[in-house]
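Chemist: Residues per chain, in single letters:
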Amino acid sequence: MAFDRAVPIDSTHLEGFMKTRAVGRLIGRGMRTRTAMIFAAVLACGDAAAAPTTYEGLVVTDVSLAGTIYRQAEVTIIFTGDTNDIGTFNFSNNTIVPGCLQPQSPDYCGIVKGVTRIRIVSGATRIDATIDPGQVFVALDSKNGGVGFSSFIGPNGFEPVYPLGLDAGSVYSLNGLAAAANVTGKAYSCIGFAPSTTYTCAEPTRFPLNTNRGPLAIYMPYYMSQKGVITWHYDGASLNAGVFSILPTGAED
Amino acid sequence: MIKALHSGFAAAALLALAAAADAHPVTYRLTTVTDGQIGSVSFHSAVVTIEFKGDTRSVQTTTAGGVTVHQNAKGSANVTVVSGGTTIMTKFLPGEIFARYDVSNGVVGFGSSVGPYYPFSIDCGNVSCSGSGDWGPGWIGTTSVDGIAAALADPNTDSPDYPSDATLNLPNDLIQPTILTGYVSACASYVLNNFYWSCPAPPTVPLKTQLGTFYVQDSSGEMQVGVFRVLSGSGD
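As they're listed, the protein sequences go chains A and B.
So the first sequence is residues 1 to 253, counted in our numbering.
So the second sequence is residues 1001 to 1236, counted in our numbering.
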């Protein structure tokens, strides 16, 4: 199914994205260029009435911000976007169609246009930071039961479960990204995640997300593996848990 | 004789001082998603957090039949329910719930007069909450490790996969700060039917809060995971 409103890549659409380190790695690379095209198309497909929505992901994990590590911190990722910008990614033919077509579609849907913030609570310390535009987006893979916040970062150019992805639990009960919902799942924050095979997670401080409070890295300390090599299997290898919420406008904290 | 008595008193005083030095405020906090009702307000798939504030000196440890259980029943507890744009927060009446951690079976959560695993238990595992198996309501019989609580109870279950060092280094008591995760049970009485277990009804005697009665019940057809934390201090 082709995207019938495809537009050429517009630098104004990608302005925020172009400011990130990730975009440099996109240029000249087939898969990454394809991702950029999809990114641009998603940005262009929202012309209906605005329906602002907030997506929140909560996990307790280790996190590094501006060089300070917070252990067992309560980390909340908050993405504010518009449900009219939801698009279904199709990586096999470089197309995107408006709306969330899963589970029929082989790829997943999401929103890339929005503002991403992070809240870190560690003891009496609470830090709020805004992640630079174009790095993190909301993604739902209802075919395989995954949801969370993906990114264009790291050596692969695209990371489905970084900074935070959930699978198993009640993620399968999500019906798209438009309706209000709360689900729980096993929590991943891994650069290098690969489904249906073995993988290792890269040291996240090597590929920091840029924020207004300094470089950000989220760790995945609690998992099952064979000497650090994680074997993907149904119901995952992460031992951590998280909550993902779709909130109506103004319902977020 | 007097010298011996003095020595005895001194030893007792030292023990008391040691106990006092070890005692400190502690907070237990569990967050998950579930159905239920608080007062006259029912909720579905809401984010529910129960927080219990007490002191580490009140942690009682018992071992029976090779099973070690830590429990803390002295403290105050509150519950927060967030659903859509609505947040409800209230306090439990005194003595309604207690924190409980069966380290041998890897089952942790809050118990009450309804039962030791209700309102919430993580890694309940089966209809009797003995921790074997490791799925939430709906399934029974798997042996995979699906959370930190189970991994700490038996790190060898999924051999040749093993928990990460960070997991194995987590404290497994109700005293030191830690994080415990796994599938959540929120049911007073399960019904097992052909390998599927369900929670058909709320408890006949609900818990009591300042906003009225309170109960939780597993979301129909959904398996939820949750996070149980032990936090130093008030947890604020």
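The hints are simulated quantities; they were obtained by calculation from the structure and are not laboratory data.
Please read these numbers as outputs of a predicted model, since none were measured by experiment.
The reader is advised that the hints may include incorrect statements.
[What the hints assert, rightly or not] Computed spacing ranges between beta-carbons, pair by pair:
{"no.": "1", "chain 1": "B", "residue 1": "1155", "chain 2": "A", "residue 2": "69", "range": "20 to 28 Å"}
{"no.": "2", "chain 1": "B", "residue 1": "1044", "chain 2": "A", "residue 2": "231", "range": "51 to 59 Å"}
{"no.": "3", "chain 1": "A", "residue 1": "71", "chain 2": "B", "residue 2": "1094", "range": "41 to 49 Å"}
{"no.": "4", "chain 1": "A", "residue 1": "71", "chain 2": "B", "residue 2": "1041", "range": "35 to 43 Å"}
{"no.": "5", "chain 1": "B", "residue 1": "1044", "chain 2": "A", "residue 2": "249", "range": "16 to 24 Å"}
{"no.": "6", "chain 1": "A", "residue 1": "178", "chain 2": "B", "residue 2": "1094", "range": "21 to 29 Å"}
{"no.": "7", "chain 1": "B", "residue 1": "1115", "chain 2": "A", "residue 2": "249", "range": "36 to 44 Å"}
{"no.": "8", "chain 1": "A", "residue 1": "215", "chain 2": "B", "residue 2": "1192", "range": "49 to 57 Å"}
[Stated by the list, open to error] Some chain A residues close to chain B (C-beta under 8 Å, calculated; not the full set):
{"no.": "9", "residue": "64"}
{"no.": "10", "residue": "68"}
{"no.": "11", "residue": "69"}
{"no.": "12", "residue": "80"}
{"no.": "13", "residue": "101"}
{"no.": "14", "residue": "155"}
{"no.": "15", "residue": "156"}
{"no.": "16", "residue": "157"}
{"no.": "17", "residue": "158"}
{"no.": "18", "residue": "175"}
{"no.": "19", "residue": "176"}
{"no.": "20", "residue": "179"}
{"no.": "21", "residue": "186"}
{"no.": "22", "residue": "222"}
{"no.": "23", "residue": "225"}
{"no.": "24", "residue": "231"}
Think of the CB as a built atom: it goes at the ideal place given N, C-alpha and C, for glycine as much as any other residue.
Chemist: Give a verdict on every hint.
Modeler: Hint check results:
1. Evaluation of the 20 to 28 Å hint for residue 1155 of chain B and residue 69 of chain A yields a pass: the beta carbon distance comes to about 25 Å.
2. Checked against the hint of 51 to 59 Å, the pair residue 1044 of chain B and residue 231 of chain A fails, with Cβ atoms roughly 36 Å apart.
3. Under the hint 41 to 49 Å, the C-beta atoms of residue 71 of chain A and residue 1094 of chain B, about 33 Å apart, miss the expected range.
4. At roughly 37 Å, the beta carbons of residue 71 of chain A and residue 1041 of chain B sit within the given window of 35 to 43 Å.
5. The given range of 16 to 24 Å is respected by residue 1044 of chain B and residue 249 of chain A, whose C-beta atoms sit roughly 20 Å from each other.
6. Distance hint check for residue 178 of chain A and residue 1094 of chain B: the Cβ-Cβ separation is about 43 Å, which falls outside the suggested range of 21 to 29 Å.
7. For residue 1115 of chain B and residue 249 of chain A, the Cβ-Cβ distance of about 40 Å falls inside the hinted range of 36 to 44 Å, so the restraint holds.
8. At roughly 51 Å, the beta-carbon separation of residue 215 of chain A and residue 1192 of chain B lies within the given 49 to 57 Å, and the hint holds.
9. For residue 64 of chain A, the interface hint is violated, the least distance from its beta-carbon to any beta-carbon of chain B being 14 Å, above 8 Å.
10. Evaluation of the residue 68 of chain A hint against chain B yields a violated restraint, the C-beta minimum of about 18 Å exceeding 8 Å.
11. The restraint placing residue 69 of chain A at the interface with chain B is violated, with a minimum CB-CB distance near 12 Å, outside the 8 Å limit.
12. Given the 8 Å rule on beta carbons, the hint for residue 80 of chain A is violated: about 14 Å separates it from the nearest Cβ of chain B.
13. Here the hint on residue 101 of chain A is broken, as its CB sits about 23 Å from the closest CB of chain B, past 8 Å.
14. Because the beta carbon of residue 155 of chain A sits about 22 Å from the nearest beta carbon in chain B, more than 8 Å, this interface hint is broken.
15. This hint is violated: residue 156 of chain A has a C-beta 22 Å from the nearest C-beta of chain B, more than the 8 Å allowed.
16. At a threshold of 8 Å, the smallest CB-CB gap from residue 157 of chain A to chain B is about 26 Å, leaving the interface hint violated.
17. Nearest Cβ of chain B to the Cβ of residue 158 of chain A: about 25 Å, over the 8 Å cut. The hint is violated.
18. Among the interface hints, the one on residue 175 of chain A is violated; its C-beta lies about 12 Å from the nearest C-beta in chain B, farther than the 8 Å criterion.
19. A hinted interface residue such as residue 176 of chain A counts as satisfied when its beta carbon comes closer than 8 Å to some beta carbon of chain B; here the least separation is about 15 Å, so the hint is violated.
20. About 11 Å separates the beta-carbon of residue 179 of chain A from the nearest beta-carbon of chain B, more than 8 Å, and the hint is not met.
21. Given the 8 Å rule on beta carbons, the hint for residue 186 of chain A holds: about 6 Å separates it from the nearest Cβ of chain B.
22. The closest approach between the C-beta of residue 222 of chain A and any C-beta of chain B is roughly 5 Å, which is under the 8 Å cut-off, so the hint is satisfied.
23. Below 8 Å, beta-carbon pairs count as interface contacts, and residue 225 of chain A has one with chain B at about 6 Å; its hint therefore holds.
24. Proximity of residue 231 of chain A to chain B holds as hinted, the smallest CB-CB distance being about 6 Å (cut-off 8 Å).
The earlier numbered hints that this structure contradicts are 2, 3, 6, 9, 10, 11, 12, 13, 14, 15, 16, 17, 18, 19 and 20.
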